[in-house]
Amino acid sequence: MGVNATSWIAQNSDSLGAGSIWVGEDIALGQETFVLTASSLLQSKSVRVGTGIIPVTVHNVSTLARTGVTLDEIGSGRFAYGLGIGGIQDLEKHGISIKKPVTELRKIVEILKRLWSGETTYSSSEMFSLHGFSLELTNPINIPIFLGVRGPQMLKLSGEIADGVILSGPFDYLRYAISIVDSAADQAGRIKGEVEKVIWVPTIPTFKGIQEKVARRVVALVIADTPDAVLDMLSVDRDKVNQIREVVASSSPKEGAEFVDDELLDVFSISGSKEHMVDRFEELVGIGATEVVIGPPFSGDWREALVEIFAEVDSRRSIP
Amino acid sequence: MRWGVALNVREKLSDTVRKAEIADQGGIDQVWVTDFPAIRYAPAVAAAVAERTTECRIGVGLVSPLLYSVTQIVQFMSTLADTYGERFDLLLGPGDRHALASIGIKHSAKLMVGKTKTALEKVRHELSEAGHNSSVFLGAQGPVMIKASLKADGVLLNYADLEMVDWALSQIRNKVPKNFHLGIFPPTFVGDCKDFERNQRVSFSAAMVAIGINSIISESFGFRDKIEKARSLMKERQQIDSEVVKSLGREILQRFVFCGTGEQLKDYLKELEGIGISSVVFGPPQGTRRNGIEILVNVKSVI
Chain A
49 MGVNATSWIA
59 QNSDSLGAGS
69 IWVGEDIALG
79 QETFVLTASS
89 LLQSKSVRVG
99 TGIIPVTVHN
109 VSTLARTGVT
119 LDEIGSGRFA
129 YGLGIGGIQD
139 LEKHGISIKK
149 PVTELRKIVE
159 ILKRLWSGET
169 TYSSSEMFSL
179 HGFSLELTNP
189 INIPIFLGVR
199 GPQMLKLSGE
209 IADGVILSGP
219 FDYLRYAISI
229 VDSAADQAGR
239 IKGEVEKVIW
249 VPTIPTFKGI
259 QEKVARRVVA
269 LVIADTPDAV
279 LDMLSVDRDK
289 VNQIREVVAS
299 SSPKEGAEFV
309 DDELLDVFSI
319 SGSKEHMVDR
329 FEELVGIGAT
339 EVVIGPPFSG
349 DWREALVEIF
359 AEVDSRRSIP
Chain B
6 MRWGVALNVR
16 EKLSDTVRKA
26 EIADQGGIDQ
36 VWVTDFPAIR
46 YAPAVAAAVA
56 ERTTECRIGV
66 GLVSPLLYSV
76 TQIVQFMSTL
86 ADTYGERFDL
96 LLGPGDRHAL
106 ASIGIKHSAK
116 LMVGKTKTAL
126 EKVRHELSEA
136 GHNSSVFLGA
146 QGPVMIKASL
156 KADGVLLNYA
166 DLEMVDWALS
176 QIRNKVPKNF
186 HLGIFPPTFV
196 GDCKDFERNQ
206 RVSFSAAMVA
216 IGINSIISES
226 FGFRDKIEKA
236 RSLMKERQQI
246 DSEVVKSLGR
256 EILQRFVFCG
266 TGEQLKDYLK
276 ELEGIGISSV
286 VFGPPQGTRR
296 NGIEILVNVK
306 SVI
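Protein sequences, first through last, are from chains A and B. The end of the first sequence is residue 368 by my numbering, with every number in the run present. The end of the second sequence is residue 308 by my numbering, with every number in the run present.
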């Protein structure tokens, strides 16, 4: 996503009525997420700006801690830190493997909280090693941590320790995921609803010029990155899904898009008219989402599409 | 002479931005946003500085290629330039060994230098390929890095002593490409320096650089033994404290810091120009206080 698109969103977020902006990181691709997040905070006034997500596998933990302090100061408390291990495809592509991802993510969240509370840390794990590192903070800072996760152990971890969870996937999976997060939060003695649920499903406003082939390409990529455990929950044509995954792995999402039919498009994305899209957002709220993220991909007349979608949301809010 | 000042050492972001505004409005050519071991992440701070300044160039660094990959460095420099215009330069260097060790990065000095040299070429090439005009500087002390800097757009030496600077320049004097920036980036303090060993911020900054000095230089200038003793003492005490500073002594510390009045600074800059230096970056503690920036602006206005 380019800087112009990000700037437009940041500058118009308040008038659109958005509650948050989430800036994602594709490992080694595109613009740098921390700078984009900083500029989004600087160019907006009241929205929350979060990273969605930063793969902890490609940054030194001290950098994660330092970026947290910096962005928290830039945003005067409007920053939220979205963290995760990273997408399966991305990690494989960059030769990154991690033996115990759940343990590692837990340790990283713990160490970040300790550093932000002002501690000098001596701690090590599979991925980091700190020897007397401190952020030299005079006052502790409290940065909300959101975890972008998928599997059941990761979902439980989020329910236990995160301020929020960023979820993506088909509706059947999302119901399951939210129930695990809530159950884990309850077992950890947390207040009901304490863990925010941000749902980030590909939203493709085909009503404003974005072509269906773009939507199918995005869905092919999403299918390729969806773990078997999630696919097992769905009543979709598994042979077709496997075919898409093979084609994406051997050539590209563009080729895989040819096998994405209307049913898969509807299961793995939210597209169509603005009314239909907002209907689907309301379904998500019904299953427990506290926030729904619109986009990417951003193509076609996406700016106007955003304006119309937010207007549709607003019009429904104003109906008593 | 091009003037720069280092910000973002330990101060809060709002202080850094305010000082950058004063420097920008006062005609300072460049503000340098330091990175690790600074607490705040330089590229994000540079974005905040860019939002509030219009004229000055903004330097990011020193950035260590041991902490960030080449791709990450190119990404943050490109994103800054794409968002705020072509105002950004980069300073690369291996970084402080002890500070890097505290975050789990431990390499031999040879490997640190090797990785930095490789990163320099790649970063410069990739930024150029992406159409950015950022200058890439190399922070250097010893002969290997000074020579390696010829593949950069400039070198910044982190000592102040004219004899040492001249020695450094002698390593590359006849090989310097056109438009190459020869600069220094030492700890500085413009003010009363009669008893600078007692000024902790000045003497500690000088001691930090002195202790990390390349052994070829300390040998060449006859203070290797004292540096080694100070290093041992620092290891024993696990930090630079007043005893470590005292063990180095005024004669050595003075080589690593400019400490003097505005008048003395004017004379010093003339001497630097005389030996070929075209750029000076006022390192900490000068930029740690708002007043320090105002002093620089005042001195620059009368030169």
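Hints in this document: simulated from the structure, not taken from any laboratory. Any given hint might turn out to be false.
Facing chain B, a subset of chain A residues (Cβ under 7 Å, in silico) [to be verified]:
#  : residue
1  : Ala76
2  : Phe82
3  : Lys93
4  : Asn108
5  : Thr115
6  : Thr118
7  : Glu121
8  : Glu174
9  : Ser177
10 : His179
11 : Phe181
12 : Leu183
13 : Asn187
Glycine included, each C-beta is placed from N, C-alpha and C at the ideal position.
Verification of the hints:
1. Ala76: Result: holds, 5 Å to nearest chain B Cβ.
2. Phe82: holds, 5 Å
3. Lys93: Since chain B brings no Cβ nearer than about 13 Å to A:Lys93, farther than 7 Å, the hint is violated.
4. Asn108: The hint holds - A:Asn108 has a Cβ within 7 Å of chain B, the shortest such distance being about 6 Å.
5. Thr115: holds, 5 Å
6. Thr118: Cβ of A:Thr118 sits 4 Å from chain B, so the hint holds.
7. Glu121: With a minimum Cβ separation of about 4 Å from chain B (threshold 7 Å), the hint on A:Glu121 holds.
8. Glu174: With Cβ-Cβ at 12 Å, over 7 Å, it is violated.
9. Ser177: Hint on A:Ser177: holds, closest Cβ of chain B at ~3 Å, below 7 Å.
10. His179: Since the shortest Cβ distance to chain B is 5 Å, the answer is holds.
11. Phe181: Since chain B brings a Cβ to about 5 Å from A:Phe181, closer than 7 Å, the hint holds.
12. Leu183: It holds, given that the least Cβ distance between A:Leu183 and chain B is near 5 Å, below 7 Å.
13. Asn187: Given a least distance of 11 Å, the restraint on A:Asn187 is violated.
Hint compliance for this structure: hints 3, 8 and 13 are broken, all remaining hints hold.
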